[in-house]
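Asker: Read off the chains here:
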Amino acid sequence: MTRIAAGIIAALLTVAAQADAPKFKIERGEACVAPTGEMRRDHMNLLLHQRDRTLRQGFRETRFSLKNCVDCHASRATGSVLGKEGFCSSCHEYAAVSIDCFECHSPQRQARTAARP
Amino acid sequence: MNPERRQLLGWGAAAAAALAPGFRLIELAQARSPQEAASVLQRWGLLIDITKCVDCDVCVTACHEENGVTGQGRPATDAQWIRKVNLRDKRTGYAQTLPLMCQHCEHPPCVDVCPTGASFKRDDGIVLVDKHTCIGCRYCVLACPYGARSFVHEAVSGQKADVPRGKGTVESCTLCVHRVDRAETPACVEACNRDGGKAMAFGDLNDASAEIHRRLRSEPSSQVRADLALNTGVRYQGL
Chain F
26 MTRIAAGIIA
36 ALLTVAAQAD
46 APKFKIERGE
56 ACVAPTGEMR
66 RDHMNLLLHQ
76 RDRTLRQGFR
86 ETRFSLKNCV
96 DCHASRATGS
106 VLGKEGFCSS
116 CHEYAAVSID
126 CFECHSPQRQ
136 ARTAARP
Chain W
129 MNPERRQLLG
139 WGAAAAAALA
149 PGFRLIELAQ
159 ARSPQEAASV
169 LQRWGLLIDI
179 TKCVDCDVCV
189 TACHEENGVT
199 GQGRPATDAQ
209 WIRKVNLRDK
219 RTGYAQTLPL
229 MCQHCEHPPC
239 VDVCPTGASF
249 KRDDGIVLVD
259 KHTCIGCRYC
269 VLACPYGARS
279 FVHEAVSGQK
289 ADVPRGKGTV
299 ESCTLCVHRV
309 DRAETPACVE
319 ACNRDGGKAM
329 AFGDLNDASA
339 EIHRRLRSEP
349 SSQVRADLAL
359 NTGVRYQGL
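Protein sequences appear in the order of chains F and W.
The first sequence begins at 26 in this note's numbering and counts up one residue at a time.
The second sequence begins at 129 in this note's numbering and counts up one residue at a time.
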């Protein structure tokens, strides 16, 4: 009897968790710049490392650049990674993480110019 | 020098020249690849010929457009990356106008006073603010003898992707570092040569084959406040 009750509770919790889980659409591309698990765990470290390389040393690799993130993950509807179902904000709000990237950086996807490779 | 030694040196030079195809002991100046860091071999600078600087502000407009520097209509506190300065000799009435921005000093006072290391000079001579570590103390604003730095007093929106800007940090001319890294010239120089008096030139002060290097070598030029011995990267002619 206890086992059945525990099972029911566990099932309910799973359903509840799925209902609350952040919703977002991955807008573009077959795969991210690194495996999903690695990106989920480490994206903040990758970005932190990349920002210093770019700003201080002048490397301009795009792989882990914030601009590259935004270009793929910005919503097709709003053109932004922020907002209710925004790729960045939906998870950060769910996890109660307050980031300040977008107080300075643009959350909008940039229109690609023909001159850029 | 005896003949044998001279011959040996000659062979050495020939061997060095034929070291490997495409290999040089001194690299030619060229656009960096994105995987390459800024190099101390280069030093970016500007040469501004004031005799050609006319009464317009296309450099200011182009800079603020390129970098997304928008004001709130409050001139006392709005950020200003470049401005036109008008000079007039009180005795003779002779008037000149010139654009003034960060002079990208070799020995920048703003870097000396920064308590967090946010104000720094990149290896290729471009002086920048790392806004991730800037605490907005504004020591650099006071230290800069050119008044080139601005503090962002109000929340910013609609930034350009290449030029992050935010409230509570200090900013100034970046020499359009995002354009320089793609082998383009700064927005002010491009605009001046297109719509203005063709007074501004941009280039590598260390590159002996560059036009700016040739002109600095063969024509008179000056630094603003040369007495401070900051060795500015921005030079003026006709001042």
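Worth flagging that the hints you see were computed from the coordinates, not collected in a lab.
Certain hints may be false.
Said to hold, decoys possible - Below, simulated BS3-like cross-link-like pairs (lysine-lysine); rule was C-alpha separation at most 30 Å, straight line:
(1) W:Lys-295 <-> F:Lys-109
(2) W:Lys-180 <-> F:Lys-92
(3) W:Lys-180 <-> W:Lys-212
(4) W:Lys-180 <-> W:Lys-295
(5) W:Lys-212 <-> F:Lys-48
(6) F:Lys-92 <-> W:Lys-259
(7) W:Lys-212 <-> W:Lys-326
(8) W:Lys-295 <-> F:Lys-92
(9) W:Lys-259 <-> F:Lys-109
(10) W:Lys-295 <-> W:Lys-259
(11) W:Lys-249 <-> W:Lys-326
(12) F:Lys-50 <-> W:Lys-288
(13) W:Lys-218 <-> W:Lys-180
(14) F:Lys-92 <-> F:Lys-48
(15) W:Lys-326 <-> W:Lys-295
(16) F:Lys-109 <-> F:Lys-50
(17) W:Lys-259 <-> W:Lys-218
(18) W:Lys-259 <-> W:Lys-180
(19) W:Lys-249 <-> W:Lys-218
(20) W:Lys-326 <-> W:Lys-218
(21) W:Lys-259 <-> W:Lys-212
(22) F:Lys-48 <-> F:Lys-109
(23) W:Lys-249 <-> W:Lys-259
(24) W:Lys-288 <-> W:Lys-259
(25) F:Lys-109 <-> W:Lys-218
(26) F:Lys-92 <-> W:Lys-288
(27) W:Lys-249 <-> W:Lys-288
Asker: If a hint holds in the structure, say so; if it doesn't, say that too.
Answerer: Taking the hints in turn, this is what the structure says about them:
1. Of the supplied pair hints, the one linking W:Lys-295 and F:Lys-109 holds, its CA atoms being roughly 24 Å apart against a limit of 30 Å.
2. Of the pairs offered as hints, the one joining W:Lys-180 and F:Lys-92 is violated, with about 39 Å between alpha carbons and a cut-off of 30 Å exceeded.
3. Between W:Lys-180 and W:Lys-212 the alpha-carbon distance is near 14 Å, which keeps this suggested pair within the 30 Å criterion.
4. Proposed proximity of W:Lys-180 and W:Lys-295 is contradicted: the alpha carbons are some 37 Å apart, above 30 Å.
5. Only pairs whose Cα atoms come within 30 Å are accepted, and W:Lys-212 paired with F:Lys-48 is rejected, the gap being roughly 50 Å.
6. Restraint check for F:Lys-92 and W:Lys-259: the C-alpha separation of about 17 Å stays at or below 30 Å, so the hint holds.
7. Taking the CA atoms of W:Lys-212 and W:Lys-326, the gap is near 15 Å; set against the 30 Å cutoff, the hint holds.
8. Only pairs whose Cα atoms come within 30 Å are accepted, and W:Lys-295 paired with F:Lys-92 is accepted, the gap being roughly 20 Å.
9. Taking the CA atoms of W:Lys-259 and F:Lys-109, the gap is near 28 Å; set against the 30 Å cutoff, the hint holds.
10. Between W:Lys-295 and W:Lys-259 the alpha-carbon distance is near 10 Å, which keeps this suggested pair within the 30 Å criterion.
11. Taken as a hint, the W:Lys-249 and W:Lys-326 pair is honoured in the structure, with Cα atoms around 28 Å apart against an allowance of 30 Å.
12. Restraint check: the Cα-Cα separation between F:Lys-50 and W:Lys-288 comes to about 24 Å, which is no more than 30 Å; the hinted pair holds.
13. A C-alpha spacing of about 22 Å is found between W:Lys-218 and W:Lys-180, which places the hinted pair at or below 30 Å, so the restraint holds.
14. The hinted pair formed by F:Lys-92 and F:Lys-48 meets the criterion: a straight-line CA distance of about 22 Å does not exceed 30 Å.
15. Straight-line distance between C-alpha atoms of W:Lys-326 and W:Lys-295 comes to about 35 Å, which puts the hinted pair past the 30 Å bound.
16. For the hint pairing F:Lys-109 with F:Lys-50, the CA-to-CA distance comes to about 12 Å; that is within 30 Å, so the pair holds.
17. Simply put, W:Lys-259 and W:Lys-218 have alpha-carbon atoms about 41 Å apart, too far for the 30 Å limit, and the pair is violated.
18. As the CA atoms of W:Lys-259 and W:Lys-180 are separated by approximately 35 Å, the hinted pair breaks the 30 Å bound.
19. Among the hinted pairs, W:Lys-249 with W:Lys-218 is inconsistent with the structure: their alpha-carbon atoms are about 37 Å apart, more than 30 Å.
20. A hinted pair counts as satisfied when its Cα atoms are at most 30 Å apart, and W:Lys-326 with W:Lys-218 qualifies at roughly 28 Å.
21. Only pairs whose Cα atoms come within 30 Å are accepted, and W:Lys-259 paired with W:Lys-212 is accepted, the gap being roughly 26 Å.
22. Annotation: proposed proximity of F:Lys-48 to F:Lys-109 holds, straight-line Cα distance about 9 Å (limit 30 Å).
23. Among the hinted pairs, W:Lys-249 with W:Lys-259 is consistent with the structure: their alpha-carbon atoms are about 14 Å apart, no more than 30 Å.
24. For the suggested pair W:Lys-288 and W:Lys-259, the alpha carbons sit about 15 Å apart, so the restraint of at most 30 Å is met.
25. Distance check on the hinted pair: F:Lys-109 and W:Lys-218 sit about 61 Å apart at the alpha-carbon level, beyond 30 Å; violated.
26. With a CA separation close to 11 Å, the supplied pair F:Lys-92 and W:Lys-288 stays within the 30 Å bound.
27. A distance of roughly 22 Å separates the Cα atoms of W:Lys-249 and W:Lys-288; the hinted pair therefore holds under the 30 Å criterion.
Of the hints listed earlier, those the structure fails to meet are numbers 2, 4, 5, 15, 17, 18, 19, 25, in rising order.
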